[in-house]
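Student: Since the structure of chain A is already known, use the hints to place chains B and C on it.
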Amino acid sequence: METLSLLSMGFEQALTPEALLFCFIGVSLGTFIGVLPGIGSLTTIALCLPLTFHLEPLLGLIMLAGIFYGAQYGSSTASILLNVPGSAPAAITCLDGYPMSRQGRAGIALFITTIASFIGGSFAILLLIFFAPVLAEFAISFSAADYFSIMLLALTAASTLSVGSPLKGLAMVSLGLLMGMVGTDINSGQFRYTFGIPALADGINLVALAMGLFGVAEILNNLAAGNVPQAGKEKISFKQMLPTPEDWRAFRFSCLRGSFIGSFIGMLPGTGPTIATFMAYAAEKKLSKTPEKFGHGAVAGISAPEAANNASVQAAFIPTLTLGVPGDAIMAVMLGGLLIHGITPGPQLVTTDAALFWGVVASFWIGNIILLILNLPMIGLWVKLLSIPYRFLFPAVLFLICIGVYSVNNNSTDVLLTLVFGIMGFYFNRHGFPSAPLLLGFVLGPLMEENFRRALVLSDSSLATFVDRPISAVFLAMTAVLLVFSFRRKATLTEDKVQPAP
Amino acid sequence: MISVLRLFTLMLLAISLAGCGSEDNVTAGGADTWPDKPVRIIIPFGPGGLADVTMRLAGEPLGELLGERLVMENRPGAGGVAAATTMLNADADGYTLIVLTNGTTITETLFDDLPYNITEDLVPVSAVAWFDLVLLVNPDSGFTDLQALLEARGDNLRIATINPGSTQNLSAELFKSLASNNATIIPYRTTPDVLGALLRGEVDLAIDAYTALKGAIDNNQARPIAVTGEVRNPAMPDIPTAVEAGITGFVVTGWNALYARTGTDPAIIDRLNADIASVLATDDIRTRFAELGVEARANTPQEMQQRFLSDIEKWRRVIEAAGIETL
Amino acid sequence: MENNAPTKVSPEDRCQIPVPVGIDHRIYDVLHAVPNGKRLTRFFRQFLRPSLVARLPVLLLILIGLIAGSIAWGYEVGSFTDMGPGFVPLMLSIALGLLAALILWREWPITRAGAGKAAGQDFAWRPFCAVSGGILAWVLLAESTGFVVAAIAQVVLTALALPGPRWRSILIMAGILSVAGYFLFVVQLGVPLEAVG
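Protein chains in written order, with my numbering: chain A, 1 to 502; chain B, 1 to 327; chain C, 1 to 197.
Pulled out of the complex, with its shape left as it was, chain A reads as follows (with noise of 0.2 Å):
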């Protein structure tokens, strides 16, 4: 088949020592990045981006690439550990991820995030390889109205995030929507709850949102409870880091439909990680047999979102590298990198220079090889970490969290707005309101709007094309059969979940 010649030519590469070289720097790079609370994935690409001008487009494409999908890797280590989560999209994995830790099930949930990052990169690259150019197109042909009834499906689930009163749940999503409304808005260029503020004109820092709700605002609480979080002090042995016969059970089939779910949202251009792992973490709670258990360490609420965090990471390649079309933010700086080489991405990078896209590609599966192999090793230096004083962990955390949140934009109000939001997420988590409900809100809110007024306009204000366009129509009865599903949920369940408080 042409295909799989094309990527023995990509193999052959992607396996020359200086092609190994960098994409062994990019993913180590990555994952060093990733465990760090704060500084993510966009910043330190952005800022190894002139190191890359000098080095060949392959090896340069490839390190920071390496560094993209590594730190997805890393990302949910901080989460596991120290409910502290090295990205934003890494928050979700602190909800189900900590409870396993604090029950001596740490090496366990490292062991089972690495395999499903690992399976969902593969899933996404299988998807790469062969489907590529067909996906891109698929991709591409989502209008605004389909968008919008991705997000609303997005949304719903949302409401299964809280553990705890669902009213606060809601309320924290609607306030997570409104905060999302601060900046600009796009269909009119009005500037919303800016309060004539330069900075918040793009928006409030969606960095400084997730370190300070759930980084901030976790250090706050465990000082405040004055139970800081003792250490496991044992060494962790391969054999304590396999799941039991259950958990792989349960992680199976999670881990697929998380992969699945990550590439789907992945390839689409415009939506992010932290999506497609707030999708995956609510269909497997509602998917669950067990919902109970999630919030409080059940593995599918771990290996979903991680399995979907690194599928997405992987899939936005399909539209960035077949089309020329970034997927997010990160895409389009290294196709920045690419422009200055003197190439220009789209449709004939595959054909004129098939060279540099299969080494690319090739090189994608290598790297997730590299991270695998050098991840699993790493665990039990990771649980180590937890046994150092949480006196000395927590400021060595909030440095981090500083400078990490700082180098996004270089702004230090960004680092202010950290501490605005950790207290806020301190004080409400506190009174039993979540904080997770928010920060998807927060992400959802601007895009659905966005897109909702996007798709009227374009249909002339006619609300039927919610339901003309096949694949919002699609979406719209998914979101539909969902909210019948929870209502007879909670119709059946017994009263004894409404009480009131104490």
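If you are wondering where the hints come from, they were derived from the structure by calculation, not from laboratory data.
Bear in mind the structure is a predicted one, so any value in this text is a computation, not a measurement.
We treat Cβ as the ideally placed atom computed from N, Cα and C, and that holds for glycine.
Hints may be right or wrong, so weigh each one.
To be verified - To give an idea of the chain C side of the interface with chain A (calculated C-beta under 8 Å), a few residues:
#1 T41
#2 L59
#3 L61
#4 T81
#5 M83
#6 P85
#7 A100
#8 L102
#9 G134
#10 L136
#11 G175
#12 L177
#13 V179
#14 V187
#15 E194
Tutor: Positioned in the frame of chain A, the structure of chains B and C alone reads:
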């Protein structure tokens, strides 16, 4: 314990004050010794963007000419505030420069309350790059002529651009006022989204920078039917300018330029200008810029200043006419 | 009926008037237990403030909804099929306000013990000030006095959240973090901050 804390805080304060005070307030020795250390160039955009790429490309040979490295510093942020603030904190010694674009002239009107005043605080050194916008249609649409398109679509014309407040979007507003008064402008977030809209046939026309869509044009994903410059784009000699196509007065050219702090020694500025001009005249830079769809052309500080002011005026009128809200 | 903490009201103090239906007898107790002057302060201290504090998050949400809604009203609202920039923010503000009000209503019955618990959870001032102070120090110092100074200030101030005299270890940690951080973030990754000054 408290006293140790106090002591430490005092020490910290002392260090901070010392840190502030030790900044090099003495302007480095005049034009004769400039430059004798690396020169910072502040870019108000993220890496990989057009302004960033063109400056880096030109920065290398320029650095060689000057004898000192040029260090690029990316400081993205709305309204260019982050970049401008950094610039304003620097001394007028010629060791810190900033890249301004025509987008800056738009920001002057859009944001009422900026913490900086370009005309007072900064002086131009030279323009570096010039680029046009392109009007594109879907290749399957059958239109090769701007007038034909306008006639066929009339008031139903749909134009896709990127977000409001950008040069592209304001150009669309200008186009609308000069050509077809009831067209609908649909803003998207990024250029790839604009391209997607065109590919899907959601819109009839897309207005965006040539550089951003060069790949699409070369791939026949989008067909240009007019360029917005004063003269035809050398990379597409068959495509008429918008003026030639019948839209009188519709000329939009974007630019990047280097600026220095007001009060910088004029000799330094002259030296920079001369060096930039010679770098931009070299074949290597001209070709590499052309590959990006950009024209490398320097000008004098006076010309740049004039251009800056006239652009402010031009976009101010467009913003007011379109009724776009200012911050 | 839940068990309340015993009130400090002696039977002699208690009013002999029968309690009107619907009034929380605890409010009634407090109001009628002591003669005038102290009545209000005790009411405030034992009941009103704790219950306000316990309900504060919800009240805050309602407040946010109101403020956001009124600002949104100032933007052009438009209609459902022709939304202006104010439409969705307005709808969201209303939704938030309604949800918060609903939560308030659902959780209205709040016993003295519950209120006391919420207030009695001492607000942890020390960690709050230490963390806030540390991050604020970083924000203020990072660009003006450089990375190293800001980092040291932040680490030191933050570490004060936990009690215990460990100046040496804190300073060592601050030193290591700031230097290592400098090399990683500023030198290697190129974050534009000076080391000092």
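Student: Report holds or violated for the interface hint on E194 (chain C), using the least CB-CB distance to chain A and a cut-off of 8 Å.
Tutor: Since chain A brings no Cβ nearer than about 13 Å to E194 (chain C), farther than 8 Å, the hint is violated.
Student: Should the hint that A100 (chain C) touches chain A count as held when the rule is a Cβ pair under 8 Å?
Tutor: Constraint on A100 (chain C) satisfied, holds at 6 Å.
Student: For the hint on L177 (chain C), just tell me whether its beta-carbon gets within less than 8 Å of chain A.
Tutor: holds, 5 Å
Student: Can we keep the V179 (chain C) interface hint, with Cβ of chain A closer than 8 Å?
Tutor: violated, 12 Å
Student: Using the nearest Cβ pair, does M83 (chain C) come within less than 8 Å of chain A?
Tutor: OK, holds: M83 (chain C) within 8 Å of chain A, min 5 Å.
Student: Going by Cβ atoms only, is T81 (chain C) closer than 8 Å to chain A?
Tutor: Check passed: Cβ of T81 (chain C) comes within 4 Å of chain A, closer than 8 Å.
Student: With chain A as the partner, please determine if P85 (chain C) meets the hint condition of a C-beta pair closer than 8 Å.
Tutor: Holds, because the Cβ-Cβ distance from P85 (chain C) to chain A comes to roughly 4 Å (cut-off 8 Å).
Student: Is the shortest C-beta separation between L102 (chain C) and chain A less than 8 Å?
Tutor: With a minimum Cβ separation of about 6 Å from chain A (threshold 8 Å), the hint on L102 (chain C) holds.
Student: Was the hint right that G134 (chain C) lines chain A, CB cutoff 8 Å?
Tutor: Interface hint status for G134 (chain C): holds (6 Å vs cutoff 8 Å).
Student: Quick one, is the L59 (chain C) hint okay against chain A at 8 Å, beta carbons?
Tutor: With Cβ-Cβ at 11 Å, over 8 Å, it is violated.
Student: Minimum Cβ distance from V187 (chain C) to chain A below 8 Å?
Tutor: violated, 11 Å
Student: Does L61 (chain C) hold up as a contact with chain A if the rule is Cβ-Cβ below 8 Å?
Tutor: holds, 6 Å
Hints 1, 2, 11, 13, 14 and 15 from the earlier list are contradicted by this structure; the remaining hints agree with it.
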